[in-house]
Amino acid sequence: DVKVTQSSRYLVKRTGEKVFLECVQDMDHENMFWYRQDPGLGLRLIYFSYDVKMKEKGDIPEGYSVSREKKERFSLILESASTNQTSMYLCASSKTGKYYEQYFGPGTRLTVT
Amino acid sequence: GENVEQHPSTLSVQEGDSAVIKCTYSDSASNYFPWYKQELGKGPQLIIDIRSNVGEKKDQRIAVTLNKTAKHFSLHITETQPEDSAVYFCAASRDFSSGSARQLTFGSGTQLTVLP
Numbered sequence: 001d002v003k004v005t006q007s008s009r010y011l012v013k014r015t016g017e018k019v020f021l022e023c024v025q026d027m028d029h030e031n032m033f034w035y036r037q038d039p040g041l042g043l044r045l046i047y048f049s050y051d052v053k054m055k056e057k058g059d060i061p062e063g064y065s066v067s068r069e070k071k072e073r074f075s076l077i078l079e080s081a082s083t084n085q086t087s088m089y090l091c092a093s094s095k096t097g098k099y100y101e102q103y104f105g106p107g108t109r110l111t112v113t
Numbered sequence: 001g002e003n004v005e006q007h008p009s010t011l012s013v014q015e016g017d018s019a020v021i022k023c024t025y026s027d028s029a030s031n032y033f034p035w036y037k038q039e040l041g042k043g044p045q046l047i048i049d050i051r052s053n054v055g056e057k058k059d060q061r062i063a064v065t066l067n068k069t070a071k072h073f074s075l076h077i078t079e080t081q082p083e084d085s086a087v088y089f090c091a092a093s094r095d096f097s098s099g100s101a102r103q104l105t106f107g108s109g110t111q112l113t114v115l116p
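Chains as they are written, first to last, in my numbering: chain A, 1 to 113; chain B, 1 to 116.
It should be emphasised that the hints constitute simulated quantities derived from the structure, not laboratory data.
A couple of the hints might just be wrong.
[To be verified] Some chain B residues close to chain A (C-beta under 10 Å, calculated; not the full set): (1) H7; (2) S9; (3) Y32; (4) Q45; (5) E79; (6) F89; (7) C90; (8) S93; (9) G107; (10) S108.
[Stated by the list, open to error] Here are the simulated lysine-lysine pairs, DSS-like style, with alpha carbons at most 25 Å apart: (11) B:K42 <-> A:K98; (12) A:K98 <-> B:K71; (13) A:K98 <-> B:K68; (14) A:K3 <-> B:K68; (15) B:K58 <-> A:K98; (16) A:K13 <-> B:K71; (17) A:K13 <-> B:K58.
Note that this is a predicted model, so its numbers are computed, not measured.
All C-beta atoms, glycine included, are put in the ideal place defined by N, C-alpha and C.
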């Protein structure tokens, strides 16, 4: 059974803290994605990766960075968290050749105070 | 870049009635249009998709239609049931046939509530 897991369901951090969100998939997918979900704005792509150590910016990369050292793991990093980064963060993965069929994790609700 | 608009933002229907969600896109090169369903506490899940060489696609109670000339596509759910209650997202993309990763641009979502 296809599975994407995210390290935390809920996270509360203070302004200025460095935040790591972890995502792991067990489907041997080449592509991995990080989105943020905000009411009325849908899902917006932050970064994606199509191979180990490869990354590309999405639509809203400012304030974020990513790391992909292993095929199954894709990390999202907030170098210095700010209150406007309070959001739901969703990780997804897909197979090369079927990039459009994305499998999502349950999400991490991040609150920055 | 691509821009996808989705309407309505909320939709309530009586159980057994039909529901229709509409999306428009801006990039005429987009050729792939998936729909995702997000249940409470879960990530979105692909439920149906359509490609630009097809005008309509059905899968049991759900169907999707595409009008490339007008650049809009719609999700139709017939005989709605309480378990259809969820947030639905449309999306658009181009070059789906390529082997490398490509972006999906999502709409803003529709909260569908099916009233018993």
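Structure-based check of all given hints:
| no. | hint | verdict |
| --- | --- | --- |
| 1 | H7 | violated (12 Å) |
| 2 | S9 | holds (7 Å) |
| 3 | Y32 | holds (6 Å) |
| 4 | Q45 | holds (7 Å) |
| 5 | E79 | violated (26 Å) |
| 6 | F89 | holds (6 Å) |
| 7 | C90 | holds (9 Å) |
| 8 | S93 | holds (6 Å) |
| 9 | G107 | holds (5 Å) |
| 10 | S108 | holds (4 Å) |
| 11 | B:K42 <-> A:K98 | holds (22 Å) |
| 12 | A:K98 <-> B:K71 | holds (23 Å) |
| 13 | A:K98 <-> B:K68 | holds (22 Å) |
| 14 | A:K3 <-> B:K68 | violated (34 Å) |
| 15 | B:K58 <-> A:K98 | holds (20 Å) |
| 16 | A:K13 <-> B:K71 | violated (42 Å) |
| 17 | A:K13 <-> B:K58 | violated (45 Å) |
Hints 1, 5, 14, 16 and 17 from the earlier list are contradicted by this structure; the remaining hints agree with it.
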